[in-house]
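Participant: Reconstruct the complex from the two isolated chains, following the hints.
Those protein sequence lines, which keep their order, are chains A and B. Residues in the first sequence are numbered from 164 upward in steps of one, following the working numbering. Residues in the second sequence are numbered from 8 upward in steps of one, following the working numbering.
I should point out that these hints are in silico values taken from the structure, not numbers from a laboratory. Careful, some of the hints might be misleading.
Unchecked claim - Calculated pairs, DSSO-like style, for lysine-lysine (alpha carbon to alpha carbon, straight line, at most 30 Å): (1) A:Lys-215 - A:Lys-232; (2) B:Lys-20 - B:Lys-77; (3) B:Lys-78 - B:Lys-20; (4) B:Lys-20 - A:Lys-166; (5) B:Lys-62 - A:Lys-166; (6) B:Lys-64 - A:Lys-166; (7) B:Lys-25 - B:Lys-64; (8) B:Lys-20 - B:Lys-62; (9) B:Lys-64 - A:Lys-232; (10) B:Lys-77 - B:Lys-64; (11) B:Lys-60 - B:Lys-20.
As the list claims (entries may be wrong) - Here are some, though not all, of the chain B residues that point toward chain A, as calculated from beta-carbon distances under 8 Å: (12) Gly-47; (13) Gly-49; (14) Leu-50; (15) Gly-70; (16) Phe-114; (17) Asn-116.
For each residue, glycine too, the CB sits at the ideal point set by N, CA and C.
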Amino acid sequence: LAKTTQPISMDSYEGQEVNITCSHNNIATNDYITWYQQFPSQGPRFIIQGYKTKVTNEVASLFIPADRKSSTLSLPRVSLSDTAVYYCLVGDPVPGGSTLGRLYFGRGTQLTVWP
Amino acid sequence: DVKVTQSSRYLVKRTGEKVFLECVQDMDHENMFWYRQDPGLGLRLIYFSYDVKMKEKGDIPEGYSVSREKKERFSLILESASTNQTSMYLCASSLLGGGQYNSPLHFGNGTRLTVT
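Only chain B is shown next, with the shape it has when bound in the complex (with noise of 0.2 Å):
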């Protein structure tokens, strides 16, 4: 089974710091997602990578940069975090193809950010 496993599950920072949540797959997969949950709003993508070092702008990148080093981790990171980025963060990974190609997405639990 794949196992997509997100550092944290609840985190609390305060405006202004630098915030890394982390994700890691085991299934090495090519392709790695971050997205944000938000109440009525859905699941909104924020980055993606389709290779180690390679990242492209997903929906939402603003405020979040992104880091891929190695194949199977992918990192989130808010630079200066403020409070409109306190939501659910989920990353997802998924074999090359896409999700659109018989190559479903597999998600972490996600991280819960609040920040205050």
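So here's chain A without its partners, still in its complex pose (with noise of 0.2 Å):
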């Protein structure tokens, strides 16, 4: 099972910019890496997706080093409503298998944004 570490919580102030970093060691050579946002009492929410490199939407930046063992999630000057729990995710490298649903998501982390 490829399980990814992340810490479990962060706290930030509004306006400054966010980097939550995260560990896969075992990521498969056909896996992406995506990163969830959870408020309470609402399903996750997908937030940014990507193989290799940089990736940025609206929302935020993701690196990924050219070893794919960790990946960086970027939030760009954060507000008091990006407070919430973030995933990250990557599928499970099982050698010839599907590995559909084989996805971990952890604990998260919590990042709480002050005013």
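Facilitator: Following this line, the structure appears as structure tokens:
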């Protein structure tokens, strides 16, 4: 099972840039790295996905080094509404088998943004 | 926008009852999933399905079963509810290719089940 390791919690202030790093040493060749955001009493919501180098959308950027054993989610100029749990996911590299469904969410990172 | 709807937001059942949790998605997604979420444990996969009438066990299938008779509907069944099944249950769907292939999971808002 390809597990990920993230900090349990992080704190920031409004207007700062936040970087959350995720380790995934067993990532498979075909796996993408996906980040989700979850607010209390809601299901997780897709933020961004990437395979290598850098991906940017209107919400965040994702940095992936060449070895792909880690990734960093970057949230520019956070606001109070960015307070949430952030999950990093990669697929499970089961040789010869389907990796569908073998996504490990882990405990995620609780980001708290203060005024 | 994809919509995944779970039939109940809150549910209270007694030990030993048979419980049905229903999930419907409106985007013709092939894949559907049931997770449970508990404090300190994150989301854990119970079952998933990649086609009608097809199902695969996830990481914690014991005490649960599923049914997928139509593409848009995926039901989670607790055959005999127990107190350790008190949890938040989340349904998700995705396009063919799975969550790791540019096919994000779309989640419902969850059903908080309490078994007394």
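Participant: Are the hints correct? Go through all of them and say.
Facilitator: Now the hints, each set against the structure:
no.: 1; hint: A:Lys-215 - A:Lys-232; verdict: holds (10 Å)
no.: 2; hint: B:Lys-20 - B:Lys-77; verdict: holds (26 Å)
no.: 3; hint: B:Lys-78 - B:Lys-20; verdict: holds (28 Å)
no.: 4; hint: B:Lys-20 - A:Lys-166; verdict: violated (34 Å)
no.: 5; hint: B:Lys-62 - A:Lys-166; verdict: holds (23 Å)
no.: 6; hint: B:Lys-64 - A:Lys-166; verdict: holds (18 Å)
no.: 7; hint: B:Lys-25 - B:Lys-64; verdict: holds (20 Å)
no.: 8; hint: B:Lys-20 - B:Lys-62; verdict: holds (25 Å)
no.: 9; hint: B:Lys-64 - A:Lys-232; verdict: holds (28 Å)
no.: 10; hint: B:Lys-77 - B:Lys-64; verdict: holds (19 Å)
no.: 11; hint: B:Lys-60 - B:Lys-20; verdict: holds (27 Å)
no.: 12; hint: Gly-47; verdict: holds (7 Å)
no.: 13; hint: Gly-49; verdict: holds (4 Å)
no.: 14; hint: Leu-50; verdict: holds (4 Å)
no.: 15; hint: Gly-70; verdict: violated (18 Å)
no.: 16; hint: Phe-114; verdict: holds (3 Å)
no.: 17; hint: Asn-116; verdict: holds (5 Å)
Taken one by one, the earlier hints fail for this structure at numbers 4 and 15, listed in ascending order.
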